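Peer 1: Required output: the full structure, derived from the provided sequences and hints.
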Amino acid sequence: MQATQAVVVSLGPLAPARAVGRGRRRRRRLGQKLCAGASVFVLGQLVLHRSMTAEGDASSQAATTDRPDHDSAARVTPPAGGEASGSTADLDALYPPEDGGWGDGGGGPWLDAIRDAWTASLGGSGGGGRGGGGSGGRALPPLPRLIHQTWKDAFPPRELFAPRWRASLQRVNPGWSYRLWTDADNLELVRSHYPSFLPLYQAYPSPIQRADAARYLLAHKHGGASACTSAASVYFDLDYECFAPLEPLVAGASLVLSYKEGSDFAKGASNSVFGSAPSHPLWAVVLDVLRNRSRTPLSGHTAVLFSTGPAVLREALRRLLRLRPGEQISAPMLTRLRETLGIAVLDSALLHPVTAERRDLSKASAE
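The numbers in full-length UniProt numbering rise by one with no breaks, and the one at position 315 of the sequence shown is 315.
Treat the hints as calculated values from the structure; they're not laboratory data.
It is possible that part of the hints are untrue.
Label pairs and their in silico Cβ distance ranges [unchecked claim]:
#, residue 1, residue 2, range
1, Asp-90, Arg-171, 41 to 49 Å
2, Tyr-178, Pro-325, 34 to 42 Å
3, Arg-295, Glu-188, 33 to 41 Å
4, Leu-94, Pro-163, 26 to 34 Å
With a straight-line cut-off of 25 Å between C-alpha atoms, the simulated SDA-like cross-links for lysine to any residue are [stated by the list, open to error]:
#, residue 1, residue 2
5, Lys-267, Leu-334
6, Lys-152, Glu-188
7, Lys-152, Ala-120
8, Lys-152, Asp-239
9, Lys-152, Ala-162
10, Lys-152, Leu-198
11, Lys-267, Ser-330
12, Lys-152, Arg-164
13, Lys-152, Ser-196
14, Lys-152, Trp-102
15, Lys-152, Asp-112
16, Lys-152, Asp-99
17, Lys-152, Asp-185
18, Lys-267, Ser-121
19, Lys-267, Tyr-240
20, Lys-267, Pro-195
21, Lys-152, Arg-191
22, Lys-267, Cys-242
23, Lys-152, Tyr-204
24, Lys-267, Arg-191
25, Lys-267, Ala-331
26, Lys-152, Ser-121
27, Lys-152, Pro-195
28, Lys-152, Thr-302
29, Lys-267, Leu-122
30, Lys-267, Leu-249
31, Lys-152, Arg-179
32, Lys-267, Leu-198
33, Lys-267, Arg-324
34, Lys-152, Gln-170
35, Lys-267, Ala-184
36, Lys-267, Arg-179
Note that this is a predicted model, so its numbers are computed, not measured.
The C-beta atom is built at its ideal place from N, Cα and C for all residues, glycine as well.
Peer 2: Now the structure itself:
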């Protein structure tokens with residue numbers, strides 16, 4: 001039989017009962033003090049967090065009003081009554097709404113004429129007709145592989161726009177050119193190529209209005225100057241990050257618009273992301289709407305949205321299609337636009353996967 005070795009644990013001398021009681025009370029009081037201190041600390045942190053969150057929300061709202069942020073329109077309701085009475089008379093003459101102009105087969109016969117005039121201005125003989133299959137017709141021009149962004153100077157603030165967002169546009173799209181336009185660049189663009197628009201451009205009271213107008217002019221014909229004709233391409237607001245190449249989205253299109261889900265003013269075609277070949281006919285309509293709305297009496301933050309913001313882009317589309325106010329764009333209309341003018345309207349999930357409403361809902365859930 002094998003002997004086992006005993007393991008002896010020394011507990012030391014037992015303390016008197018009174019000393020044990022005092023030690024327990026001392027430890028209990030210490031624990032209570034620690035718990036109280038921790039509670040005060042946690043409460044202080046919560047108060048500090050709430051204060052900082054409120055300040056951060058206030059500063060982000062201030063930043064939104066100071067920059068052309070595509071999400072800033074999400075919480076804005078259009079003014080009652082829309083434009084002033086009679087202010088659209090000149091646009092009605094240029095782009096009269098058509099009763100039955102579309103019919104069951106897609107309609108829009110005037111789009112063929114717009115296409116022919118456009119292709120003729122580009123050096124083709126026109127006559128492309130529906131789908132560009134006409135005799136002697138010229139294929140619609142593709143989007144140049146060039147990405148544009150704008151900011152007041154050459155140094156967008158890192159606290160508003162993470163540098164990786166801008167870098168992603170160039171990294172994910174190798175072979176594409178990139179240019180950041182400053183306010184000075186935009187002013188020179190207007191002065192050199194749109195002198196008749198210069199007084200209106202300089203009269204805009206908000207820098208956001210000038211930034212809005214400049215992005216449309218970048219997508220328009222630039223007086224035939226070779227240095228500028230390639231400037232019409234893809235525009236992005238600075239608060240976008242690119243995760244996949246743009247090529248599949250713009251292939252075969254002459255103008256790419258992004259549809260955006262949301263509520264209130266956020267829903268519809270967005271001017272935060274779009275792409276265009278030079279001198280696309282839509283931009284002539286956009287310029288007409290810009291000039292028209294400069295005579296429209298609007299006040300408050302909605303003045304920016306309706307005078308130069310996405311409302312201008314949406315109104316130009318309505319005028320191009322000659323729709324009555326409130327009339328919806330149908331699937332056959334979108335097909336016709338793609339066939340005749342190369343206009344592709346992309347689903348919201350492709351370029352606006354996260355809307356301001358969803359982001360605000362996520363923030364509220366986290367809090």
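Peer 1: Assess, step by step, whether the Cα of Lys-152 is no farther than 25 Å from the Cα of Arg-191, and give holds or violated.
Peer 2: 17 Å, holds
Peer 1: Hey, Lys-267 versus Leu-334, does the alpha-carbon distance stay inside 25 Å?
Peer 2: 17 Å, holds
Peer 1: Tell me if the straight-line CA distance from Lys-152 to Ser-196 falls inside 25 Å.
Peer 2: 23 Å, holds
Peer 1: Is the straight-line distance between the alpha-carbon of Lys-267 and that of Ser-121 25 Å or less?
Peer 2: Given that 25 Å is the threshold and the Cα spacing comes to 34 Å, the pair is violated.
Peer 1: Run the distance test for Lys-152 versus Arg-164: straight-line Cα separation, threshold 25 Å.
Peer 2: 19 Å, holds
Peer 1: CB of Arg-295 to CB of Glu-188, is that within 33 to 41 Å?
Peer 2: Hint violated: Cβ distance 26 Å, outside 33 to 41 Å.
Peer 1: Is the distance from the Cβ of Tyr-178 to the Cβ of Pro-325 consistent with 34 to 42 Å?
Peer 2: Holds, at about 39 Å.
Peer 1: Are the Cα atoms of Lys-152 and Gln-170 separated by 25 Å or less?
Peer 2: 21 Å, holds
Peer 1: Is Lys-267 within 25 Å of Ala-331, Cα to Cα?
Peer 2: 17 Å, holds
Peer 1: Given the hinted pair Lys-152 and Trp-102, is their alpha-carbon gap at most 25 Å?
Peer 2: 43 Å, violated
Peer 1: Starting from the hint 26 to 34 Å, judge whether the C-beta atoms of Leu-94 and Pro-163 obey it.
Peer 2: With Cβ atoms ~44 Å apart, the hint is violated.
Peer 1: Is the straight-line distance between the alpha-carbon of Lys-267 and that of Leu-122 25 Å or less?
Peer 2: 34 Å, violated
When the structure is compared with the earlier hints, violations turn up for hints 3, 4, 7, 14, 15, 16, 18, 20, 24, 26, 29, 32, 35 and 36 and for no others.
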